[in-house]
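Asker: Residues per chain are reported as follows:
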Amino acid sequence: MAEAQNIPVGSTTAGQIAVAAESTVATRMSAPPSFDVADFPVPHGREEEWRFTPLERLRGLHDGTAVATGEGVKVAVEAPEGVTVELVDRDDPRLGKAGTPVDRIAAQAYSAFEKAGVVTVPKETVLTEPIRIAVHGEGGVAYGHQVVELGAFAEAVVVIDHTGDAVLAANVDYILGDGAKLTVVSVQDWDDKAVHVAQHNALIGRDATFKSFVVTFGGDLVRLHPRVAYAGTGGEAELFGLYFTDAGQHQEHRLLVDHNTPHCKSNVAYKGALQGEAAHAVWIGDVLIEAKAEGTDTYEMNRNLVLTDGARVDSVPNLEIETGEIVGAGHASATGRFDDEQLFYLMARGIPADEARRLVVRGFFAELVQQIGVDDIQERLLVKIDEELEATV
Amino acid sequence: MATLEIRDLRVTVEADNATKEILKGVDLTVKQGETHAIMGPNGSGKSTLAYSLAGHPKYTITGGTVLLDGEDVLEMSVDERARAGLFLAMQYPVEVPGVSVSNFLRTSATAIRGEAPKLRTWVKEVKEAMERLNMDPAFAERNVNEGFSGGEKKRHEILQLELLKPKVAILDETDSGLDVDALRIVSEGVNRVRETGEVGTLLITHYTRILRYIKPDYVHVFSGGRIVESGGAELADKLEDEGYEAYTKGGASA
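As given, the protein sequences belong to chains A and B, one line each in that order. Anchor point for the first sequence: position 116 equals 116 in UniProt numbering, and the numbering is continuous, going up by one each time. Anchor point for the second sequence: position 207 equals 207 in UniProt numbering, and the numbering is continuous, going up by one each time.
Some hints could be false.
Claimed, not checked - Mimicking EDC-like on lysine to aspartate or glutamate, the simulated pairs with C-alpha atoms at most 16 Å apart in a straight line are:
#1 A:Lys74 / A:Glu236
#2 B:Lys58 / A:Asp191
#3 B:Lys215 / B:Glu242
#4 B:Lys58 / A:Asp339
#5 B:Lys167 / B:Asp8
#6 A:Lys181 / A:Glu138
#7 B:Lys24 / B:Glu34
#8 A:Lys211 / A:Glu236
#9 B:Lys58 / A:Glu71
No lab work stands behind these hints, which were simulated from the structure alone.
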């Protein structure tokens, strides 16, 4: 059931559960998926998939005017023994296997990258240390492609860290073999001016488990599009997200879980805090249960905490069900605010204002952060949340 | 001995683009160990007094002084007042999503006491205080006031009163919305704190019912933004019989 509570001025929460013969998730896009940027018209801003995004701040990623500069971003991969790290050409068959670009910028990234990174964990290899991919912006424009592939029954944690300043468009593919377990933590800790647009495609093998944490703090404009589809029955996807949107920032997370295979599970939980004038967070949660996907179990949730006036949230959960033979399907979205009365209540118990705010925000995020299961990342996120709180307000 | 001295307190509030004077010169002294009941009709300014003392930003102090042990309360921020020893049990406690009761209580106790309570003794202290208020231990893991019943909210307020041990406790209509059982449990909690002799209590209420459980040393009738009559416990009996009519008609509220 849709649920919308405590919606402050300057936010929208729209939800719908549609029972449709044909998917509108697919048809409401401007063009069918394609690897070729020429198949997509230049967006003008009123298209369904672009209507929340300030195109003028994309620095030309959407209209072909952003030309890659020599040193756009530096990518460094640190991988434990047994993992293969390669740079490959665009004819490599592993590229694009997990999904096809669905909008113009993703197709632009695919059409423009020079070399793609491929990280492979061989079958039945269980890593005890994370693979770390550091993406550092050097101030230029870059197009990227990264593939992470796990063989059957392999297990790995991948941490992708985005820092520095860049205008970056990329596609990231996660290919999970049967029974594989992959946890990905993607941290967007960009400098203030960075623009980052990416499509993430996860293809989940039979009985495989994909767990994703998308953590967005920085950037002038960050627009991420994590997508999940299943290559076999019994697959599970857990998509967690956390964002902290400051004054002037636009942070947009658009998700699609395509239940295209019977007996798969998905669970989506994204939480965001916003503070400051013109902080804008957008969350779109599309879940599609195709007619053949009997036995699907899915739930998606988005929560937002608005800390100050002037911030705006657009939250749109959208669940489309083409078969009734499912275990469960639900969604929820709520936007609440940390208001003066809450502040007064906590202060009236002796708690100073800044600590009160910290208490509320840490509490809000804690339950998600604890599920990451990578200690140094968890600790770093909590420190980062504190820094965000101290930086502004 | 802690003393709260309120002298000629005047308070305004902004409403409908107009400034309205709510408190029109309140004089009251509350000493540690004493219990003062403030009774009055709706709209007389009782709650404004409570929230003004706690420092709610909605109210503007336009005159008068409030001293706690000689310190100027009106110069303090809301949290400073609490740390100085003022406690306001609210009529409508606020929901704080995402913050568990246990985390809230510990953060608050740390702020008030100036150091984090030792974990082992603290857990025991909270557990025992909750048992005395007939609160389910699972309560500690719920978010502050979120989905609490009226009775649970008030018990939670009194739980804080017991744990934070203020010098002066202001109880704003703690009795409102409680059934008899809940009223008894909450009143017993207040009495346990009073019996320590270390707290001055300002009990704000519309009804005399709670005074059967919490015996005041002084009763003040509040009307038209000031105290219009003061007496002992017997004044409450008179109000029980006669109501507030004598105070709301005629000169008292002019």
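Asker: Holds or violated: B:Lys167 and B:Asp8, Cα atoms, limit 16 Å.
Answerer: violated, 22 Å
Asker: Need the status of pair B:Lys58, A:Asp191: alpha-carbon distance at most 16 Å?
Answerer: Between B:Lys58 and A:Asp191 the Cα gap is close to 38 Å, so the pair fails against 16 Å, i.e. violated.
Asker: Is the Cα-Cα distance between A:Lys74 and A:Glu236 16 Å or less?
Answerer: violated, 33 Å
Asker: Holds or violated: B:Lys215 with B:Glu242, Cα cutoff 16 Å?
Answerer: It is violated: about 20 Å lies between the C-alpha atoms, which goes past 16 Å.
Asker: Does the structure keep B:Lys58 and A:Glu71 at a Cα separation of 16 Å or less?
Answerer: violated, 55 Å
Asker: Does the structure keep B:Lys58 and A:Asp339 at a Cα separation of 16 Å or less?
Answerer: holds, 13 Å
Asker: Is the hinted pair A:Lys211 and A:Glu236 satisfied, with a Cα-Cα distance of at most 16 Å?
Answerer: holds, 8 Å
Asker: Holds or violated: A:Lys181 with A:Glu138, Cα cutoff 16 Å?
Answerer: Roughly 33 Å between the alpha carbons, so the hint for A:Lys181 and A:Glu138 is violated.
Asker: Has the given pair, B:Lys24 with B:Glu34, been kept, meaning a C-alpha gap of at most 16 Å?
Answerer: violated, 24 Å
Hint compliance for this structure: hints 1, 2, 3, 5, 6, 7, 9 are broken, all remaining hints hold.
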